[in-house]
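A.B. asks: Taking the numbering used here, the leading residue of the sequence shown gets 1, the next gets one more, and so forth.
What the hints contain is simulated information worked out from the structure, not anything from laboratory work. No residue lacks a Cβ here, since even glycine has one placed at the ideal position from N, Cα and C. Be a bit skeptical, because a hint or two may be false.
Derived SDA-like pairs (lysine to any residue); straight-line CA-CA distance at most 25 Å [said to hold, decoys possible]:
id, residue 1, residue 2
1, K235, N183
2, K149, K159
3, K182, T218
4, K182, L215
5, K187, L215
6, K182, A168
7, K174, Q184
8, K208, M192
9, K219, A233
10, K217, E202
11, K217, L241
12, K187, E211
13, K182, R203
14, K187, K229
15, K217, K235
16, K235, I199
17, K217, S237
18, K219, Q179
19, K187, A168
20, K229, Q207
21, K217, P193
22, K182, K219
23, K229, Q239
24, K235, D196
25, K167, E155
26, K187, L236
27, K235, E175
28, K149, A168
29, K208, E175
30, K208, A222
31, K187, S237
32, K153, K167
33, K182, E148
34, K159, E148
35, K208, D196
Pairwise CB distance ranges (calculated) [stated by the list, open to error]:
id, residue 1, residue 2, range
36, T218, R165, 27 to 35 Å
37, Q170, S237, 52 to 60 Å
38, R122, A145, 31 to 39 Å
39, R144, P172, 43 to 51 Å
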Amino acid sequence: MNAQSSRSTGDGIFLSRAGRSKAALSPSQRRSSLWTIAGGVVGSTILLWIMVQLGQASNNPKDKLRPAAVPAQTAASQAVPLVLPADAQEAEFDESSRLLAPPTQGPALDVPREVLGMLDLRKRDLDRREDAVRQNEERLMMVRAEVEKVLAKNEVLEKRIESVRAKADQPPPKERLAQAQKNQLAKMYEAMPSEDAAIRLERMPDQKAIEILRLVKTKSAAAILAQVKPEHAAKLSVQLLAQKP
Numbered sequence: 001m002n003a004q005s006s007r008s009t010g011d012g013i014f015l016s017r018a019g020r021s022k023a024a025l026s027p028s029q030r031r032s033s034l035w036t037i038a039g040g041v042v043g044s045t046i047l048l049w050i051m052v053q054l055g056q057a058s059n060n061p062k063d064k065l066r067p068a069a070v071p072a073q074t075a076a077s078q079a080v081p082l083v084l085p086a087d088a089q090e091a092e093f094d095e096s097s098r099l100l101a102p103p104t105q106g107p108a109l110d111v112p113r114e115v116l117g118m119l120d121l122r123k124r125d126l127d128r129r130e131d132a133v134r135q136n137e138e139r140l141m142m143v144r145a146e147v148e149k150v151l152a153k154n155e156v157l158e159k160r161i162e163s164v165r166a167k168a169d170q171p172p173p174k175e176r177l178a179q180a181q182k183n184q185l186a187k188m189y190e191a192m193p194s195e196d197a198a199i200r201l202e203r204m205p206d207q208k209a210i211e212i213l214r215l216v217k218t219k220s221a222a223a224i225l226a227q228v229k230p231e232h233a234a235k236l237s238v239q240l241l242a243q244k245p
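Can you make the complete structure from the sequences, with help from the hints?
C.D. replies: And the structure:
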């Protein structure tokens, strides 16, 4: 009991001194001092309780076997919550905030200027090639259009040439009429008897007789020549060989 009274007296002196110096401290220092005083009071209470338990244990030897003194501090810590100072609480809060904060983005990669320059040159080269290809395509389109125009003109000219050739191959109307009459006369000589045809050939000029013999069929010409006098038939045969068809 004397120890307890002395301890209380000391606490009172300490509190009185703290109260006198309280007016000279700033608000943050006051808060820290209050936490310090509270911690001291709690610690003193815990130590006093431990001393009382130890005194009771020394008076009763049988209680040495019971593990009552070992968890005394644990029970005291569970009964009285430990209050941390303001600075410790702020530090713990900052640490928790730092741990729970999301990870920040890392620094950007520094690309060397040489690489950037090479990429820029490559891009410019590709742009120049693209422009050249586009210009070549435009030129090809223009050349293709010109070629198509030339082909169309050539086709028109070929048609005109063919029509002119066809007209040139055709004989004049008078010649066509004369050729038609000769063909008709040749058919008439083919239809009549060979004796009558031979008599008529002997009376006409040799040139006309040769033309008729050329127009008639080979079999009809041979039958007509067989009915002509031998001297005249030989003469007509020589002229047929000499003249071109």
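A.B. asks: Quick check: which numbered hints come out false for this structure?
C.D. replies: Of the numbered hints given earlier, those the structure breaks are 19, 27, 28, 33 and 37, listed in rising order.
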